[in-house]
Structures are given as structure tokens and as C-alpha cells.
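Engineer: Now for the letters of each chain:
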Amino acid sequence: MRTVLAAAATNGTARTLTIILFLVFVAATLAITVWASRQTKTATDFYAGGRSFSGFQNGMAIGGDYMSAASFLGIAGMIALFGYDGFLYSIGFLVAWLVALMLVAELLRNSGKYTMADVLAFRMRQRPVRTAAAVSTITVSIFYLLAQMVGAGALVALLLGIREGSTFLGMTAETAKIATIILVGALMIIYVTVGGMKGTTYVQIVKAFLLMGGALLMTVMVLAHYKFNLSALLGDAAAASGKGEQFLGPGLRYGVEVPGDALQTFYNKMDLLSLGIALVLGTAGLPHILIRFYTVPSAKAARKSVLWAIGIIGVFYLFTLALGFGAAALVGSQAITEQDKAGNTAAPQLAQALGTDLLGGEIGGAALLAIIAAVAFATILAVVAGLTLASSSSLAHDLYANVIKGGQATEQQEVRVARIAAFVIGAVSIVLAIFAQNLNVAFLVALAFAVAASGNLPAILYSLFWKRFNTSGALWAIYGGLISAVVLVFFSPVVSGSPSAMFPDHDWQWFPLSNPGIISIPVGFLCGWIGTMLSQEKNTEKYAELEVRALTGAGAH
Amino acid sequence: MTTEAPAVLGEGGQTPITPERYLAVQNSDEFAQLRKALRRFVFPMTVAFFLWYALYVILSAYARGFMTIKVVGNINVALIFGLLQFVSTFLIAWFYSRYAGRTLDPVADRIRSELENGGNGR
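Chain order of the listed sequences is A and B. Read in order, the letters of the first sequence correspond to residues 425 to 981 in the working numbering. Read in order, the letters of the second sequence correspond to residues 619 to 740 in the working numbering.
Worth flagging that the hints you see were computed from the coordinates, not collected in a lab.
Here are the simulated distance ranges between beta carbons:
no. : chain 1 : residue 1 : chain 2 : residue 2 : range
1   : B       : Asn645    : A       : Gly830    : 30 to 38 Å
2   : B       : Gly691    : A       : Pro552    : 55 to 63 Å
3   : A       : Phe690    : B       : Arg657    : 33 to 41 Å
Glycine is no exception: its CB is placed at the ideal position from the N, C-alpha and C atoms.
Please model the entire structure based on the sequences and the hints provided.
Structural biologist: Right under this line is the structure:
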């Protein structure tokens, strides 16, 4: 039996340590949040952290906002179980930042104020476009949020080693999951309502350092174990996987070739291309990422933040390569799938194995496991806080202040509504996550990327670069992309009609791909074009202001 | 700097910029050149990295024999190709920031200060 977490003594030590470290993180972040709340007076403070962060700070915060538990535990686990294909995911997540860097970050910073809709509605009729942008922002954020919260519940049960039938502080695995979802939800509500963008940003910066530190430590240990011979690590991982050289190439997880079923093979490969496109084009349309560009004083600082973000995210994904193959070699897929079929515990299990080997026995193993588990919690908290902030900002600034109040709300009213909105969104997500906790909702992350790429990105790019674009085009792009992505996924095998679906016992599936991007992204761009052509509306003056502002920063907030 | 004497300074040393002045700047040669300089870099570069990434994904889907050729020890084409995507991303980001700093920022700053200090942006 190799490094099974259940080894009772180690588990007890690790669990206590994990909880202590987690409480330290929570205490530290709550202190930061309270401090940040004292600095939060105006609406700009609440929505955009007073635009006072440096490029470096914002770059770290972007990293903290972007690298979710799905990146850390999910990709490491995917590489550990399926080898090379997990790496494909990382590459899409990284390359995507070039779209944000060159086409979106600086122009958005210059022309917008607090939300994505500020740019989309700039030269359009405010109410319909802001409503559409808010609908899309909230949909994307809630999908992403649910995936993170349901994942958090399952993860905590695993990381604390609470399994079916056993209890922890008198709680069964089921109650522990629900308690975790409520705890995560409560903390994210506190971070956002009390600390606003400032508090959330610092939480994300702290998390980015913890995550990078933890991943670096484990990477060095894995490589040291193989005397810094990458080839030896890969060879060992391939041998331990039982799949040989195939493990080091693409095809075990995505684009799987089904012998004798040419059609299914074709669909699988299309699905891989579809996923790849959505990953690359989705990032620059994610509202919680976009609002981060408002937290810096200038477009140059926004550029610098993306450069730092690309650096930190790129290095992190290189680390996950070592973590994933390290877990495959040193823990083994059997031990991993015994803990979690999706492989989410591969990184923590690797931490335990490395600690035991290199830091002196069981205590070392328990210590490193505890550290990595606490880092995973910090990761989840920072991401869900960013998502809650993005959706509550949009509710307050777009729907309340501009649609309902027609731009007549005061700053104080707006911020109060934003705080209430964060509370309501948090509460709704807690309830939804509890209901969804036993459903397979991992696909929601990919769906959030697909919606962002299909609806938000076309609208943003057309807004910034196409003179002719108008209200009708913006509505067509946002709703067309959003609806086509969601409808296709609803009829796809991830929702029904397959054993791993959200509703495995039902079957209304007719769309063969799990990822809608390859259809819905062109649909979004096409809808934006058709909608534009159907309307004669043109606002030359506002477009002049938008373009000059976007490119030069003149008159920027 | 071709800053003209500001007539009236508004709050924070800025005069409000009227729609006419935005239009005038948008139609100026200097701004047209800035727009062209930006698009000349970011559009082709976006197409290039997207095709380069698409090539990588397509090879991962359809050229598995090629991708699993070993180059050094257990390090195969797929791994090198993947790492090259990292290298190209870092390089393009660096190129862009250098280009923006040298070619775009000076023009943008000049237009901005003219506008905010009450000039007509020519």
C-alpha cells in the first residue's frame, strides 16, 4: 500500500495541521479585509480598489483570480491520470492571455469604469446593452462559481480524509460537504461585502504567493528526487501509468480514438478542437478577469499587469507538469483513483509522498500534505471572491444604477446595492451548490469559458474595433453567443445521456460534443455582424470619444 | 512636447473634452497613424499566434504518431511543441510590450496631453 491518505495516524496529524493553517489563512485574510474596508469610501474604492494597485500587484491578483482549484488540483490530477492531455489544457489557459494583452486589457482600462458593460454600452443605448451584459456576466460568473463551490465541498471532504461512513467532529461526509460549502460561501460574502475590490485583491495576492510557493516547493522536490533529469521523471511516470509511451503523448483523455467507431472518433477530435478554441478565446471575455484591469491607474499599468500575469501563470503551468507527472510516478494512478476518480487529490497525495520521502517520515508527509491542502483552500476562496465581486458589481452598477435608476443613483446607493447583491448572490450560490453537490458539474468551467468566448468576446472586440457596430449588434452578439453555448451544452452528453453526465438517468442528448465553442463562437461573431447590419443606428460622436479614449487614455477614469 | 497654453484648467488640471474635440482628434492624421500602428501589430500577431496554437491542437488530435516521436530520452515532439507554445507566448508578450512602449505610447501620450490640456488635437 503506497501512500494512501487513510493511514490513520498521519491523517490525524495532517488534518489538525491543515485546519490550523487554514484558520491562520482565514484570520489573516479577514484582518486584511477589515483593514481594506477602512480604506473603502467611494464607489471607485469598492468596485476598482481605488485604481491604486501597481502593475505587479494586479498581475499577482490576476494570477490569484485566474488559477482556480481546477487549474491546480484539476490539471495536476489530469496529468497524473491521463498524462500529456492535462498539459493541453494548461497551454490553452496560458496562450489565451495574448488576446487579453493585445486586444482587450489596455483599451478596456481606458474606456470603461467599473464593469464590462461600461465598454459595451459606451456608444449604445444604455438599458438594453447593460441588461444583456449583466445577464451574461451573472450567467458566466454563477456557472464558474457553482463549479468551484461544489468542487470545494467534495475537496474538503477528501483533503480532510472524511470518507463515506466515517465522521469528523461528529459530521458525516455528507454534512461536512454541506458545512464546507456554507463556510466557503460565508467567507466569500464577507471578503466582498466588507473588503470590496481592495480586500478581494489582497486575498488574491496572498493566495498567488502561497500557490506559487507551494507549487515551487513540490516541483523542486520532484525534480530533486529525479536528480533534475526530466527524461527520467517522464520515463518513470509512463512506466507507472501502465500505459507506456502513450502516456507521454496526446489522446488518452481528449480526442480519444474509438476503434471501429469512426463517427465517435471524429466527434471526440472535434471536441478537442472545440475545447482548445474556447479556452484561448474565453479568458479575455471572463467578467471577473476584465474588472481586474480597472484596479490600476493607467493603461500602461494594465499592460504591465498582464505581463506579470502571463509570467506567473506560465511558470505555474510548468510546475503542474512536474506535479502531474510526479504524482503519476511517485503516487501511482491506482492510489489516486482510490481517493478520487477525477484525480483531484493527486497533488495533495504527491505532497504527502514527497514529505514522507524527503522531509523525514510520516510527520514530514503530514506537514507537506497539510500545507498543500491549505493552499488549495486558499485557492478556492480567492477565486470565488473574485467571481462574487464581478457579478455583484454588474448587478449594482449595470442593472440597478443604469437600467433601473437610469444613471441617477448616488455612489452610496450603488455601493450599498452592490453589497446587498454580493450577499444575495453568495446565498443563492450556497443553496444551488448544496442542491448540485452530488451532480457532476465539472463541465460548468468549460461552459463559462465557452459563453465568455461566444457572447462577451465578440461584443467587446466589435465595440472596440468596429465603427459600424451598434446596439442591435451588441444584443445579437451577447444573446446569440450565450444562448447557443448554453443550449448546445444542455443537449450535449455532459448534461444527459451518458454515464458521467449531470443527469445520467435521463437522455435528451442530441448534440454530440461536450464543448460547444466550435459552433457557438462563430455563431456569436456572426450574430454580432447580422444584428449590426439590421440596424441603421450610428453614434459617430460617441464612437469618436470611445476610440480616442481607448487608444490614448484621454478622459479615462 | 507641443503642449499649448491651457486656457482654463478644470478640476484636476483637466478641461472637459467636448465631443467636437474628440471628433477632431479622431479625424486627425496623428490619430490615424496611432490607430494604424496599433492594428498593424496586434491583428497580424493575433492571427499568427492563433494559427500557431491551432496547429498545435490539430497535430495533437490528428498527428499522434508524429507527436510521440522521441527526441531526447523520453522527451517527445509533443512535449517540445507544448513548451514552444510557452516560449512563443512569452516572446510575443515581450515583443508587444516593447513595441507599445516605443511606438504607441509616445504618440498616445502626446495626443492625450494635447486633449487634456485644452489643445484642439490638431
